[in-house]
Amino acid sequence: MVSYLIILFAGIAALMVFSVFLFFVTNKGAGHVVSGRGYREYRTVDFSTWLNSFVGGKRWVGIRSCLAEASVCDDLSDGRVSQIADAFYHKNLSPIQSGCCKPPSDCNFTFKNATFWIPPAKNKTAVATNNGDCSTWSNVQTELCFNCNACKAGVLANIREKWRHLIVFNICLLILLITVYSCGCCARRNNQTARKSDSA
378 MVSYLIILFA GIAALMVFSV FLFFVTNKGA GHVVSGRGYR EYRTVDFSTW
428 LNSFVGGKRW VGIRSCLAEA SVCDDLSDGR VSQIADAFYH KNLSPIQSGC
478 CKPPSDCNFT FKNATFWIPP AKNKTAVATN NGDCSTWSNV QTELCFNCNA
528 CKAGVLANIR EKWRHLIVFN ICLLILLITV YSCGCCARRN NQTARKSDSA
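Once you know that position 74 of the sequence shown is 451 in the working numbering, the rest is easy, because the numbers rise by one and skip nothing.
Please note that the accuracy of each hint is not assured.
Stated by the list, open to error - Computed spacing ranges between beta-carbons, pair by pair:
1. N507 with S559: 52 to 58 angstroms
2. S559 with S430: 35 to 41 angstroms
3. F400 with P497: 39 to 45 angstroms
4. F546 with N429: 22 to 28 angstroms
5. H467 with N429: 27 to 33 angstroms
What the hints assert, rightly or not - Under the rule of at most 30 angstroms between Cα atoms (straight-line distance), these lysine-lysine pairs were calculated in the DSBU-like manner:
6. K489 with K468
7. K539 with K468
8. K468 with K405
9. K539 with K405
10. K539 with K435
Calculated directly from the structure, the hints in this document are not laboratory data.
Glycine included, C-beta positions come from ideal geometry on N, C-alpha and C.
Using the sequences and the hints, build the whole thing.
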């Protein structure tokens with residue numbers, strides 16, 4: 378019984394530490410509301426340094442290939458998402474679709490269809506000169522914004538969302554384990570009391 382309680386206590390402690398860790402690394406990165414848009418836009422600088430390491434260097438090459446092969450932007454161009462600009466702007470896009478399938482809003486591109494955008498005239502790009510994603514965008518359907526920082530941020534936002542759900546699951550599991558641990562402690566205490574009574 379004692380060994381069981383020790384193992385259970387260690388499991389509870391480990392799960393608590395893991396949950397707190399998840400909370401802190403996912404505490405940032407809620408996304409930015411864009412005026413007149415139904416979707417949010419994301420930036421890598423809004424996420425923790427530790428989380429950013431997931432989309433750095435060679436890792437991103439593999440992730441980018443998976444995104445392209447999974448055709449994550451197909452839903453935007455096959456009629457399931459409207460090709461009318463105003464309707465598109467008010468769609469609730471997923472973080473990955475928002476970051477990888479269209480140029481950032483501050484690039485001031487003109488909507489042609491969901492995955493084809495016309496860059497502004499050179500004399501109108503001053504507003505977005507600090508956003509390298511504006512020059513990274515490509516109308517080639519296998520490239521789009523898969524090389525953009527906004528795409529990395531969209532992937533991070535997706536990871537953050539799933540990990541937030543994991544935190545909720547961990548909390549529920551902790552409540553269950555603590556309840557079981559408490560019952561185990563009570564049972565052990567009752568056994569000790571019963572033994573003392575018998576010996577008396």
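Hints, verified against the model:
For the pair N507 and S559, the supplied restraint of 52 to 58 angstroms holds, since their beta-carbon distance comes to about 55 angstroms. Our hint of 35 to 41 angstroms for S559 and S430 holds, since their Cβ atoms are close to 38 angstroms apart. Judged by the Cβ atoms, the range 39 to 45 angstroms given for F400 and P497 holds: they are separated by roughly 41 angstroms. One distance hint, 22 to 28 angstroms for the beta-carbon pair F546 and N429, holds here, with the actual separation near 24 angstroms.
For H467 paired with N429, a C-beta distance near 30 angstroms keeps the hint of 27 to 33 angstroms intact. This hinted pair checks out: K489 and K468 have alpha carbons roughly 16 angstroms apart, not beyond 30 angstroms. The hinted pair formed by K539 and K468 meets the criterion: a straight-line CA distance of about 21 angstroms does not exceed 30 angstroms. Distance hint between K468 and K405 is fulfilled; the C-alpha atoms sit about 24 angstroms from each other, no more than 30 angstroms.
As the CA atoms of K539 and K405 are separated by approximately 14 angstroms, the hinted pair is consistent with the 30 angstroms bound. The suggested pairing of K539 with K435 holds, with an alpha-carbon distance near 23 angstroms, which does not exceed 30 angstroms.
Violated hints are absent here; each numbered hint is respected by the structure.
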